[in-house]
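Order-wise, the sequence lines are chains A and B. Start counting the first sequence at 1; every next residue gets the next number (full-length UniProt numbering). Start counting the second sequence at 1; every next residue gets the next number (full-length UniProt numbering).
The list makes no distinction among identical chains, and a pair is therefore deemed to hold if it is satisfied within one copy or across any two copies.
DSS-like, lysine-lysine: derived pairs with alpha carbons at most 27 Å apart:
1. 115 <-> 447
2. 299 <-> 446
3. 446 <-> 115
4. 445 <-> 89
Keep in mind the hints are simulated off the structure, nothing from the lab. Fair warning: this is a prediction, and the values are worked out from it, not measured in the lab.
2 protein chains.
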Amino acid sequence: MTVNGANGIDTTLEIARAARGASLELQAASLESKSLALHRIAEQLLKDKETLRQANQRDLDEARARKDKGELSEALFKRLDLFGPDGSKFETLLEGVKDVDKLADPTGQVTYACKLDDGLDLYRVTCPVGVLLIIFESRPEVVVQISTLAIKSGNAVILKGGREAAHSNAALHASLTTALSSLPAGSGVPPQAIQLVSTRDEIAALLKLDEYIDLAIPRGSNEFVRYVKDNTRIPVLGHADGLCSIYLDESADTAKAVSVVVDGKTNYPAACNAAETLLVHENALSTVLPEVARALWEKRVQLRCDTPSHGLLSQLNPPSGLLREATPEDFRTEFLELVMAVRTVPSFADAISHINTHGSHHTECIVTENQKQAEEFMRKVDAAGVYWNASTRLADGFRYGFGAEIGVSTNKTHARGPVGLEGLVIYKYKVYGSGQGAGMYGPSKKKFLHEVLDGREELQRRPGLA
Amino acid sequence: MTVNGANGIDTTLEIARAARGASLELQAASLESKSLALHRIAEQLLKDKETLRQANQRDLDEARARKDKGELSEALFKRLDLFGPDGSKFETLLEGVKDVDKLADPTGQVTYACKLDDGLDLYRVTCPVGVLLIIFESRPEVVVQISTLAIKSGNAVILKGGREAAHSNAALHASLTTALSSLPAGSGVPPQAIQLVSTRDEIAALLKLDEYIDLAIPRGSNEFVRYVKDNTRIPVLGHADGLCSIYLDESADTAKAVSVVVDGKTNYPAACNAAETLLVHENALSTVLPEVARALWEKRVQLRCDTPSHGLLSQLNPPSGLLREATPEDFRTEFLELVMAVRTVPSFADAISHINTHGSHHTECIVTENQKQAEEFMRKVDAAGVYWNASTRLADGFRYGFGAEIGVSTNKTHARGPVGLEGLVIYKYKVYGSGQGAGMYGPSKKKFLHEVLDGREELQRRPGLA
Chain A
1 MTVNGANGID
11 TTLEIARAAR
21 GASLELQAAS
31 LESKSLALHR
41 IAEQLLKDKE
51 TLRQANQRDL
61 DEARARKDKG
71 ELSEALFKRL
81 DLFGPDGSKF
91 ETLLEGVKDV
101 DKLADPTGQV
111 TYACKLDDGL
121 DLYRVTCPVG
131 VLLIIFESRP
141 EVVVQISTLA
151 IKSGNAVILK
161 GGREAAHSNA
171 ALHASLTTAL
181 SSLPAGSGVP
191 PQAIQLVSTR
201 DEIAALLKLD
211 EYIDLAIPRG
221 SNEFVRYVKD
231 NTRIPVLGHA
241 DGLCSIYLDE
251 SADTAKAVSV
261 VVDGKTNYPA
271 ACNAAETLLV
281 HENALSTVLP
291 EVARALWEKR
301 VQLRCDTPSH
311 GLLSQLNPPS
321 GLLREATPED
331 FRTEFLELVM
341 AVRTVPSFAD
351 AISHINTHGS
361 HHTECIVTEN
371 QKQAEEFMRK
381 VDAAGVYWNA
391 STRLADGFRY
401 GFGAEIGVST
411 NKTHARGPVG
421 LEGLVIYKYK
431 VYGSGQGAGM
441 YGPSKKKFLH
451 EVLDGREELQ
461 RRPGLA
Chain B
1 MTVNGANGID
11 TTLEIARAAR
21 GASLELQAAS
31 LESKSLALHR
41 IAEQLLKDKE
51 TLRQANQRDL
61 DEARARKDKG
71 ELSEALFKRL
81 DLFGPDGSKF
91 ETLLEGVKDV
101 DKLADPTGQV
111 TYACKLDDGL
121 DLYRVTCPVG
131 VLLIIFESRP
141 EVVVQISTLA
151 IKSGNAVILK
161 GGREAAHSNA
171 ALHASLTTAL
181 SSLPAGSGVP
191 PQAIQLVSTR
201 DEIAALLKLD
211 EYIDLAIPRG
221 SNEFVRYVKD
231 NTRIPVLGHA
241 DGLCSIYLDE
251 SADTAKAVSV
261 VVDGKTNYPA
271 ACNAAETLLV
281 HENALSTVLP
291 EVARALWEKR
301 VQLRCDTPSH
311 GLLSQLNPPS
321 GLLREATPED
331 FRTEFLELVM
341 AVRTVPSFAD
351 AISHINTHGS
361 HHTECIVTEN
371 QKQAEEFMRK
381 VDAAGVYWNA
391 STRLADGFRY
401 GFGAEIGVST
411 NKTHARGPVG
421 LEGLVIYKYK
431 VYGSGQGAGM
441 YGPSKKKFLH
451 EVLDGREELQ
461 RRPGLA
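Starting from the given sequences, assemble the full structure and let the hints guide the process.
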């Protein structure tokens, strides 16, 4: 079954083709066109507020019934709500559209300019990736967030949301395409740029369409990301879960350790950037760990400790149920709740080795007053984020100043860490020649000049380059 | 069967683990260490010249026997020769090692620096990808070229060469690991950084090891690249074949058209950046095409023409066998020989549409005197290289001034076009804090400053950042 009730493969093929066609138009859309599109979207969402509220209410009603039967968690139910108790969530959503409009254009940036020869210039210019496939769960506002990021970066997008938000997603999608349909002809931002599919069956069909889709971003469980990677040739930006560690070095400052560990573990335990493992240098066991443990216990965090740390902490009169022996599995577990594994390491090198073996390459932190040690840690730990004396919870596109994020990547190609607009562009090489061929250059022929030019100056000289 | 004659899976797992271990050391190797490693490699290759010559001779002898039986082409046989008739190929190889040493370090570059708050700084610093898997054919000097690029960019590499060059590859690999073994302890460039596997069976096993291998670069046929993409979760940098077009616009200059088309088609027809399709605006048919066709015929190029161009060119007294009617298949064919498909298009938009539908997103060219048209072409054509009045054959890392290339990518993520050292690095975010947590910021709490800093100045202030 599909959105149109037609044959799955045919319909997804049509959807992918339409998105590809729209993406080719978007390649040449001006910043002004994209900005107008975002304005119209904000206006249309406001106009459609009541329709959106009704659609969202249908999802909420169906979800409440499932929640009452115990099929849906309270947290998931809350995330479905597009408006919030006071309507502030919807306001925030509209503000978000305007914020994306204010971000710098990630396309048309000249990142390399080189005079190859007289009358032969080479430019590397950023451009949209093409067609994105984004698969996400529950929160319906993601439809708007991702669509606006896609438009701003000149990409078409195929969205697949969770079925529990189907009515909200469809209403939001209708609102977005209405807004884009109102644009003047030839604006370069056609309504086909945003496609919505609604059933899981369509994912399998879409994953085969590598001819039309350039990048897949599955936002979901680790298993789902692996399923996607196993079933497609499309490059996957893996927004995998995070197993983040904090290492308390022998010279760690206790106050900083308390602040960083408590925030890392308790600020939002269900997030992928929450800390799961606490590594403690054996010389910091009796000096730093006790105060950290007391602060965590105060927040009701259960500590699962290896033998040395358990021995020490059991003398501190731990609250009932908040101290137990760790199993090896605990050091490979993303708890996502108020539980933390604690392990003693005999050396700095062992901490790094533990992290590089057990971690998920997401965000890893060292607490130390020794700058040399900190910088060695940041160099040797293989992760998207390496932190010195700061909570892993800071790993986030908004906090990094990107204005918005499409997700967090633990990939080691294309884009890593929180991914903002820059992760949605690639580049093309543009060559301005005057009839040159490769055969004119070589031994005893002409030589290439390879004179690196200033990209900004070139853009002033050749405004059509962008 | 494997290099060690042991169980395939176990051995490839050991190889991948060794490479991963080496890559973690390489993450922290200094520029001086990497430079010393490259020096030692050049020295060792020179020392081993006779051994290498003997190994290469064995491959050549075996290949000659296969060539005589018609199992191997002359071109492939020639590419096996590591020394060339006068030994100059070997000299070029040694020069290449020194050239890579001279290239700028692609790692440790600060590409974003932002003061998040007082005492809380964020940096995006380039770093190695990790472990590369590179699969290539015939030419044994690729072992050295890729290994030196990997070392310079701080990556470990697993190499799989063609079986016809097995002796040469093994001898070169031995020479490289001897050189790295001679480095002082703790240099950060361990001999395990370069791994060689020799059988096709091992590829399948390696493709499953996404836990250890970060990027696969298959250099070979389109089918082989698709096989790799279908059988791995590892990101693949597709060095696919190229179906490049040249479009003669109605305002094309005839002399430039002749130069660009003749070079694009005949400079090296077997290359992926050679031109395969010639699109001609109908208004340029009688004005520009005749001279272009005569020049191509002079180079013995067969033209496979659509009806209008065939009608016109048949009046020019074409040399026997060099003009025939095109089939639809001809416009989807990468000939890689002296054959070119010719199609008439009624408009500029049709040329773009033909290219975006039939092309392989490699390198596409417009010949025109109309700059506005040229820039619109370069914006709307979805390809790694978009050229105005220059031969597609210029699409090459050396010609672009990268100093070296690992291949050409038609991917639309990570790296596109000729890939030099920059395509072998990614980045990590480094945060320097003083105890901050995410919970300190927000409405009615502290605000982030997001003050963008100058990366170079920050690197001077904090040399340990790189």
